[in-house]
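Using the sequences and the hints, build the whole thing.
So the protein lines, in turn, are chains D and Y.
Position one of the first sequence corresponds to residue 807 (our numbering), numbered consecutively onward.
Position one of the second sequence corresponds to residue 120 (our numbering), numbered consecutively onward.
Please note that a few of the clues may not be correct.
Said to hold, decoys possible - Straight-line distance between alpha carbons at most 20 angstroms, and here's what the computed SDA-like set of lysine to any residue pairs gives:
no.: 1; chain 1: D; residue 1: K1231; chain 2: Y; residue 2: E141
no.: 2; chain 1: D; residue 1: K1169; chain 2: Y; residue 2: K179
no.: 3; chain 1: Y; residue 1: K179; chain 2: D; residue 2: N1195
Since the hints were derived computationally from the structure, they do not count as laboratory data.
This one's a predicted model, so the numbers in the text were calculated from it and none came from an experiment.
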Amino acid sequence: MLLTNANYKMSYSNYFNPELETMPVGQLHELQLKRLKQTVRHCMNAPFYQKEFQKRGITPDDIQSLEDIRKLPFTTKEDLRENYPFGLSCIPLKDCVRLHSSSGTTGNPTVVLHSQKDLDEWANAVARCLWMVGSRPEDIFQNSAGYGMFTAGLGFQYGAEKVGMLTVPAAAGNTTRQIKFIKDFGTTVLHAIPSYASRIYDVMKEEGVDPQKDTQLRVLCIGAEPHSEEQRKRIENQLGVKAYNSYGISEMMGPGVAFECQEQNGLHIWEDYFIVEIIDPVTLEPVPDGQLGELVLTTINREAMPLLRYRTRDLTRFLPGECPCGRHHRRIDRLQGRSDDMIILKGVNIFPIQIEKILLKFKELSTDYFIVIDTKDGNDIMTIEVEINQMFTDDFIRLQNLEKEITRQLKDEILITPKVRLVPKGTLVTSDEKKAVRVKDLRKLF
Amino acid sequence: MTINQLSIFMENRSGTLIKALELMKKSKIQIIASTIADTAEYGIYRIICSEPTRAYKELKEAGVAVALSDVFAIELDDEPGRAADAVRTFSDAGLSITYMYSFLLNGKGILIFRTNDNEHAREVIILNNLKFISESDLSQWK
Chain D
807 MLLTNANYKM SYSNYFNPEL ETMPVGQLHE LQLKRLKQTV RHCMNAPFYQ
857 KEFQKRGITP DDIQSLEDIR KLPFTTKEDL RENYPFGLSC IPLKDCVRLH
907 SSSGTTGNPT VVLHSQKDLD EWANAVARCL WMVGSRPEDI FQNSAGYGMF
957 TAGLGFQYGA EKVGMLTVPA AAGNTTRQIK FIKDFGTTVL HAIPSYASRI
1007 YDVMKEEGVD PQKDTQLRVL CIGAEPHSEE QRKRIENQLG VKAYNSYGIS
1057 EMMGPGVAFE CQEQNGLHIW EDYFIVEIID PVTLEPVPDG QLGELVLTTI
1107 NREAMPLLRY RTRDLTRFLP GECPCGRHHR RIDRLQGRSD DMIILKGVNI
1157 FPIQIEKILL KFKELSTDYF IVIDTKDGND IMTIEVEINQ MFTDDFIRLQ
1207 NLEKEITRQL KDEILITPKV RLVPKGTLVT SDEKKAVRVK DLRKLF
Chain Y
120 MTINQLSIFM ENRSGTLIKA LELMKKSKIQ IIASTIADTA EYGIYRIICS
170 EPTRAYKELK EAGVAVALSD VFAIELDDEP GRAADAVRTF SDAGLSITYM
220 YSFLLNGKGI LIFRTNDNEH AREVIILNNL KFISESDLSQ WK
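As structure tokens, this is what we get:
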């Protein structure tokens, strides 16, 4: 019997892979252990891992429980660079069907190889994410990410096709044309980096297009760029959509690693694909749930180039508790910057993002700030320069109270009392610089 | 009774004062009186000028952290002891002066100040029949 579209809609499951997505935690862990053992054995095909295992005097048989993952070596971006291009390949090149490469700003780029099975699994992971945010075969999906080496182009393409949506591979740029496609084809689901979603809205306004009346957009997937909750809300209101946070990393595959569900409260990270650890970037020990640390991922579902305990350098935390959506895959908080930015002061790890979060609460301050670390009489001192914006009043007492309150709240967050210095607006780096330098460490290293 | 005063937030760093002054110059604003109060870290530059509202707007547009506030402006005869008499009036009424500065205008001494209780200060000025100037007295520099 032929079903109409309306009937199809009623018969859809909430999940793309119902069994895997709602698998009880115990079973999920069994699956993880099985796949981890397979992966570790498989890794012995890569000369790099053979050497690493020999150095540590371990063999794949040492992995008998999930906790044993801590016996395994970490893998870093430098390892990928030093073994460029194919040193981490675990299958013959003739069995690989694609490679993606990230631009190397220093030295060699990184290369990630994929077998046909890897590509299928990748497409499945992205499809699972897109389904989770409500995409269905009736939807029309437009991808404004760059195609080619950038994984968000092809990654979303294959995932959206797997869902069964009509796909519009618009790729990056030419905003006027993007808007024409959105209107003419009736695009309902759009993927864009957050700054480009804002750009699309601005151009719509210029061209007299009302996104809420003139388009059928309802879902926006945003990722690749750090963005705040305020930014998300703004884009949602502007375009009249629900916006979902996407996390991908090309070394793992690309998009599809973690994604928000319709609760919009943290990103589910697919634990049948990865074993997820969050560690202290200095001690390399796991941090307690809820605490900020570096995300470390082990692929347990890849053929061509599995990676063990890959240090993503991305900072996040595990969100505690069950998600009402019914998926048992743990949630991570939105990504909060890079572990390379970490400052160690008096033995305490401090991430600039922690400082930024506090400063954003003060409406008297602009969004710019500058952190200087220096040594005075043998003591490390952190000075944080913050800009007084136009909420300024002619009152020393209030300025002093403001300074005290900022200091107090910062101390609560970073456990160290910084010296807060108020400076006039426009003194510090401007935010239109692409990557503003916000930390200067003047300490002499002996 | 009160006039508009510009307050500019300043960092203790060379070049910040000249930047503010150049902006005032460009906008053709006449400075009538000014004073800088400083702490170790920063200062507030307070200015009585010809067109405070326009100056405020233009400084703000230039991105300067600036505030416009009401300050009392009492007129005194230009002879010794008048400032003491005036401040005594407030002090007897239990008021505190938060800051104060003065200048000469048309042969009269002008006392600019802020108190901890502006409503009370208003009453004291009226009750004691103290003379004051208003914004229009400064408009001769427009």
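Consistency of the hints with the structure:
1. D/K1231 with Y/E141: Status holds; Cα separation ~17 angstroms.
2. D/K1169 with Y/K179: Holds - the C-alpha atoms of Y/K179 and D/K1169 are around 17 angstroms apart, at most 20 angstroms.
3. Y/K179 with D/N1195: Measuring from Cα to Cα gives roughly 10 angstroms; hence the hint holds.
Violated hints: none; the structure is consistent with every hint.
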